[in-house]
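**Student:** The numbering of the sequence shown is this note's numbering, which starts it at 1 and goes up by one.
Because the hints were derived from the structure by calculation, they are not lab data. This one's a predicted model, so the numbers in the text were calculated from it and none came from an experiment. Treat the hints with caution; some may be incorrect.
Mimicking DMTMM-like on lysine to aspartate or glutamate, the simulated pairs with C-alpha atoms at most 25 Å apart in a straight line are [to be verified]:
1) K102 to D59
2) K152 to D134
3) K102 to D177
4) K50 to E164
5) K152 to D26
Label-pair distances were calculated between CB atoms; the ranges are [claimed, not checked]:
6) G123 to G146: 15 to 23 Å
7) H170 to T5: 35 to 43 Å
8) G252 to G116: 49 to 57 Å
9) A272 to E10: 22 to 30 Å
Beta carbons: idealized from backbone N, C-alpha and C, even for Gly.
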Amino acid sequence: MVTVTDEMVEAYQRDGVVLVKGLWADWVEMLRAGIARNMAAPTQQMATLKPGEAGGFFDDYCNWQRIPEFGAVIRQSAAAEVAGKLMGSDRVQLFHDHVLVKEPGTTKPTPWHTDGPYYFVEGRQTVSFWSPLDPVREASLRCVAGSHLWPKDVLPTRWVSETEFYPGDHDYIPVPDPEAEGMTIRGPMSADTMFHSGARAGYDTAICMYHDQALIPIKTIDFAGGVNVTLGLPFVRTSPDHGTAYDIAGRGVADPSSLIAALRMARDMAAARGA
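Using the sequences and the hints given, assemble the complete structure.
**Tutor:** As structure tokens, this is what we get:
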């Protein structure tokens with residue numbers, strides 16, 4: 001049973017990415033079998049590395065109608081239901097499936113890009129499931145939160161030849177370099193491994209995919225002083241690092257320390273803004 005919470009939907013709409021755990025738990029082996037069948041009998045769209053290039057790479061797509069394992073996963077898994085909830089839609093249509101197999105040691109990276117310009121459809125109400133079948137500790141998928149809200153899409157390029165699809169087209173922005181532009185992006189990382197004191201010394205900001213992934217460990221770190229701050233608003237907005245606490249509701253014994261910390265944070269932020 002895969003649960004899509006309101007917080008996950010909110011995170012997806014805000015950040016353009018969210019972690020859905022357990023979606024493929026019962027389908028990994030079937031997907032493996034389908035990929036093996038696909039690699040043994042690829043289509044004309046298949047792409048691979050050039051002779052002499054290090055590592056191994058396989059790319060093919062639009063095979064769900066001829067690969068029975070892919071068709072079964074699409075029809076019988078919870079993917080369509082999850083996609084509908086994330087989009088806020090009661091109707092879901094499949095665009096395509098896409099298989100990417102990259103062996104360890106492959107030196108050619110996938111460049112930064114936005115998916116939209118590569119799709120032959122219009123509109124923003126889309127979901128792309130990135131579904132790893134093997135655990136990857138390094139060189140895994142990275143996303144720039146909020147990039148789906150940029151005023152223009154990133155100019156699509158051909159990854160093999162590194163040429164532009166639409167050179168000189170002003171409807172797109174150049175391919176960004178998040179590292180050079182000061183965006184330090186790491187992940188995905190498990191919430192139970194990145195909030196201890198040793199890990200926190202290695203980064204300035206943690207981008208969490210949904211409410212409890214951040215607030216639970218923060219409460220553990222500083223229950224009385226944790227503050228929730230909403231960024232990107234034209235005004236200052238803070239709140240206690242809140243929770244439900246049904247066991248003490250109405251008893252007059254709640255600790256107000258987090259509320260006081262939130263008020264002090266709002267005061268300091270307003271002063272810094274010159275409000």
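**Student:** Each hint: holds or not?
**Tutor:** So, going through the hints one by one against the coordinates:
Note on K102 and D59: the hinted pairing holds, with a Cα-Cα distance of about 9 Å set against a maximum of 25 Å. Note on K152 and D134: the hinted pairing is violated, with a Cα-Cα distance of about 33 Å set against a maximum of 25 Å. Of the pairs offered as hints, the one joining K102 and D177 holds, with about 22 Å between alpha carbons and a cut-off of 25 Å not exceeded. Between K50 and E164 the alpha-carbon distance is near 20 Å, which keeps this suggested pair within the 25 Å criterion.
Pair hint K152 plus D26 does not hold up; C-alpha atoms about 38 Å apart against a cutoff of 25 Å. The hinted window of 15 to 23 Å between G123 and G146 holds, with their beta carbons roughly 19 Å apart. A C-beta distance of roughly 40 Å is found between H170 and T5, which places it inside the suggested range of 35 to 43 Å. Checked against the hint of 49 to 57 Å, the pair G252 and G116 passes, with Cβ atoms roughly 53 Å apart.
Distance hint check: the CB atoms of A272 and E10 are about 27 Å apart, consistent with the given range 22 to 30 Å.
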